[in-house]
Amino acid sequence: MSEATGGIDTEENTGGKVKKFLYVNRKAPYGTIYALESLEVVLIAAAFDQDVSLAFLDDGVYQVVKGQHTKPIDVKNFSPTYRALEGYDIEKLYVEKESMEARGLKEDDLIVPVKVVNAQEMADIMQSQDVIMSF
Amino acid sequence: MPITVAGKTFETDEEGYLANRTDWSEEVAKEMAKADNCDLSQNHWEVLNFLREYYEEYQIAPAVRVLTKAIGKKLGPDKGNSKYLYELFPYGPAKQACKYAGLPKPTGCV
Numbered sequence: 001m002s003e004a005t006g007g008i009d010t011e012e013n014t015g016g017k018v019k020k021f022l023y024v025n026r027k028a029p030y031g032t033i034y035a036l037e038s039l040e041v042v043l044i045a046a047a048f049d050q051d052v053s054l055a056f057l058d059d060g061v062y063q064v065v066k067g068q069h070t071k072p073i074d075v076k077n078f079s080p081t082y083r084a085l086e087g088y089d090i091e092k093l094y095v096e097k098e099s100m101e102a103r104g105l106k107e108d109d110l111i112v113p114v115k116v117v118n119a120q121e122m123a124d125i126m127q128s129q130d131v132i133m134s135f
Numbered sequence: 001m002p003i004t005v006a007g008k009t010f011e012t013d014e015e016g017y018l019a020n021r022t023d024w025s026e027e028v029a030k031e032m033a034k035a036d037n038c039d040l041s042q043n044h045w046e047v048l049n050f051l052r053e054y055y056e057e058y059q060i061a062p063a064v065r066v067l068t069k070a071i072g073k074k075l076g077p078d079k080g081n082s083k084y085l086y087e088l089f090p091y092g093p094a095k096q097a098c099k100y101a102g103l104p105k106p107t108g109c110v
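The listed protein sequences derive, respectively, from chains A and B.
Position 36 of the first sequence, counting from 1, maps to 36 under the UniProt record's numbering, and the rest follow consecutively.
Position 14 of the second sequence, counting from 1, maps to 14 under the UniProt record's numbering, and the rest follow consecutively.
One should not assume that every hint holds.
[Unchecked claim] Facing chain B, according to a computed beta carbon distance under 10 Å, are these residues of chain A, among others: (1) K27; (2) A28; (3) G31; (4) Y34; (5) L39; (6) I44; (7) Y82.
[Stated by the list, open to error] To list a few chain A residues with every Cβ distance to chain B over 10 Å, as calculated: (8) G16; (9) K20; (10) L43; (11) F78; (12) A84; (13) G87; (14) Y88; (15) D109; (16) K115.
Keep in mind that the hints were calculated from the coordinates and are not lab data.
Even glycine gets a Cβ: it sits at the ideal position worked out from N, Cα and C.
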């Protein structure tokens with residue numbers, strides 16, 4: 001990204017169609033690099049003023065669970081970064097109900113406000129996207 | 001290129017960002033600014049302190065757009081705009097200010 005496209009004062013820039021991007025997260029936050037890579041792509045892509053949503057399914061639900069303690073495995077705890085997404089105007093976070101319940105989790109266990117949707121609703125959300133990136 | 005402050009040497013990456021965030025002190029910030037011929041004023045410190053707080057809370061350095069908006073919220077609209085921040089940090093507000101604040105280079109590049 002150059003200084004010119006860094007997302008500054010792009011309000012006047014009405015070229016290009018806004019696309020719907022969905023980032024699908026299916027893996028536990030620590031142990032593999034997928035979750036962190038996904039988050040970084042989301043943060044970088046936020047500069048392009050697209051319509052961004054995030055979905056958390058399967059073990060991906062653990063990415064937004066409160067109270068991660070990563071010190072013993074000597075990895076940076078990036079969970080607080082999910083709370084920064086709001087500042088990047090990324091406010092559509094979907095968690096699949098079935099995945100959450102299968103892991104004994106409740107909405108209260110999550111670090112950010114999300115919308116809990118069932119598998120069918122999640123399928124509909126996916127159907128409505130222009131681009132889906134899976135991590 | 002490592003940076004030397006008051007006889008102590010600290011590791012940095014190839015672009016001059018501190019390798020270890022815990023090595024940071026106000027003196028380190030001043031030394032980095034001096035190398036860029038930048039004299040840190042109260043206005044600079046406001047931004048640096050804000051960035052350090054932001055990092056503490058969210059574990060990332062904000063993109064410049066997010067920084068601009070957040071500064072506006074906290075310090076008022078006359079400071080929360082690109083012009084003001086670029087005047088303070090001509091090398092790019094997020095990039096240059098994050099360096100002085102001892103944070104890694106922000107995701108999003110400006």
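Checked hints:
no., hint, result
1, K27, "violated (19 Å)"
2, A28, "violated (18 Å)"
3, G31, "violated (18 Å)"
4, Y34, "violated (17 Å)"
5, L39, "holds (9 Å)"
6, I44, "holds (6 Å)"
7, Y82, "holds (9 Å)"
8, G16, "holds (17 Å)"
9, K20, "holds (20 Å)"
10, L43, "violated (5 Å)"
11, F78, "violated (6 Å)"
12, A84, "violated (4 Å)"
13, G87, "violated (5 Å)"
14, Y88, "violated (6 Å)"
15, D109, "holds (20 Å)"
16, K115, "holds (21 Å)"
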